[in-house]
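Novice: Take a look at the letters that make up each chain.
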Amino acid sequence: MLLSNLEIVPGRKVKEHLGLVQGSTVRAKHVGRDIAASFKNVFGGELKGYTELLNDSREEAMSRMSAQAEAIGANAVLNVRFSTSSLTQGAAELFVYGSAVVLED
Amino acid sequence: MELLLSIQLIGPVVFVLLLLATGFFSGRYLERKHYARIIEDETAPGQVMVFAERLPPPRLPAPQTQLVMGSVVISVDYYKRFIAGLRQLIGGRLNSYESLIDRARREALLRMRAEAKKLGAQQVFNIKFETAAISGRGRENSVGSLEVLAYGTALIDGR
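Line by line, the protein sequences are chains H and A. As numbered in the numbering used here, residues 191 to 295 make up the first sequence, in order. As numbered in the numbering used here, residues 82 to 240 make up the second sequence, in order.
Think of the hints as simulated: they come from the structure by calculation, not from any bench. A portion of the hints provided could be inaccurate.
Stated by the list, open to error - Over 12 Å on every C-beta distance to chain H, these chain A residues come out as not near it, computed from the model:
#	residue
1	Ile120
2	Thr124
3	Gln128
4	Leu141
5	Ile171
6	Leu181
7	Gly233
As the list claims (entries may be wrong) - Derived, one-sided and incomplete: chain H residues facing chain A with beta-carbon distance under 8 Å:
#	residue
8	Asn195
9	Ala226
10	Ala227
11	Asn231
12	Gly235
13	Leu237
14	Tyr240
15	Leu244
16	Phe272
Ideal Cβ positions, reconstructed from N, Cα and C, are used throughout, including at glycine.
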C-alpha cells in the first residue's frame, strides 16, 4: 500500500478513484507515564514516553486506514492528512484520512 | 505554637519558590542544550531539502514516493507556566511559550528529515504541521505539554 500526501504519484496514472478512507484510534495515557510526565512538567523537556505512545498509535491508525483501502480494492492512498484531538483529559484521538485510488502500473 | 503556625504559613510559599527555582534553572539548561543540538543538526552538511509546495516539479525518471513523519511531545516547565499565568493578567507576547513551540516544530521537522534521509531521499514535498495540546493533569486549559507532528512526502530517486 502506497501512502502519500501528494495529490499525484510521479510517473504513474490514477486509474480509478474509490473515495475517502479513514482510520482512527483513541489512546489513554499510562498512569506510570502520567506521573513521570507531571514531574517533567516541573523540569521541562521532552516527554519521550508520550512521543513513543503517540507514534505507535498513529501507526495503528495508518494500518487501519490501509486495511480499509485494501478491502475496497485500492493500491494507494493519496492526499493523506493527520489530525489529533484530545477528547477528554488524558485521552487523545489520532485520526488519519485520505483518498483511496487504484494506480496503473 | 507560634513556630508551628509560621511553618504552616511559610511552608507552601517556600515549596512554590523551590519549584519555581527548579523550573527556572532546569528549564533554561534544557532549552539551551536543545537549541544547541537543533542548530547543530540543522546546519549539518548533506541535509534533506524540505518544501511546502504541493507538487514536485515533474522529472524523469519518476522518483519513488513515501510518506515520512516526525513528531515530538514537549513539556513546559513550572517557571514558564507561572510566568504565563502572570502574563494572562496584562496580555501581550508570551515569550516563554514562543520558544517552546519553536523548539517543538524544529525538532519535529528534523526528525522527519532524519527519517527521509534514512530512506535515501533528497527532497520532501508538501510539508504539513499539526499541533495539539495534550491536556495535563488539573486545569483543563493549561498547556502542560504539546505535540507537534510534521509530515510530508519524500521523493526517492529511482533504483
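Novice: Compare the structure with each hint and give your call.
Specialist: Now for the hints, and whether the structure bears them out:
Listed as outside the interface, A/Ile120 is consistent with that label: its C-beta sits roughly 17 Å from the nearest C-beta of chain H, beyond the 12 Å cut-off. In this structure A/Thr124 is separated from chain H by more than 12 Å, as the shortest Cβ-Cβ distance comes to about 21 Å. Look at A/Gln128: its CB is around 20 Å from the nearest CB on chain H, clear of 12 Å, so calling it non-interface holds up. The Cβ of A/Leu141 does not lie farther than 12 Å from every Cβ of chain H; its closest approach is about 8 Å, which violates its non-interface assignment.
Consistency note on A/Ile171: stated as away from chain H, and its beta-carbon is indeed over 12 Å from all of that chain's, at 24 Å minimum. Listed as outside the interface, A/Leu181 is inconsistent with that label: its C-beta sits roughly 8 Å from the nearest C-beta of chain H, within the 12 Å cut-off. Distance to chain H contradicts A/Gly233 as a non-interface residue, since its nearest Cβ pair spans about 6 Å, not more than 12 Å. Annotation: interface hint on H/Asn195 holds; nearest CB of chain A at approximately 5 Å, less than 8 Å.
Annotation: interface hint on H/Ala226 violated; nearest CB of chain A at approximately 10 Å, more than 8 Å. Because the beta carbon of H/Ala227 sits about 7 Å from the nearest beta carbon in chain A, less than 8 Å, this interface hint is met. The beta carbon of H/Asn231 comes within 5 Å of a beta carbon in chain A, closer than 8 Å, and the hint placing it at the interface holds. With a least beta-carbon distance of about 5 Å to chain A, the hint placing H/Gly235 at the interface is held under the 8 Å criterion.
Hint on H/Leu237 holds. Least Cβ distance to chain A is approximately 4 Å, under the 8 Å limit. With a least beta-carbon distance of about 4 Å to chain A, the hint placing H/Tyr240 at the interface is held under the 8 Å criterion. The interface hint given for H/Leu244 holds, since its Cβ lies 6 Å from the closest Cβ of chain A, which is under the 8 Å cut-off. Residue-level restraint check for H/Phe272 holds (minimum Cβ-Cβ distance to chain A is 5 Å; threshold 8 Å).
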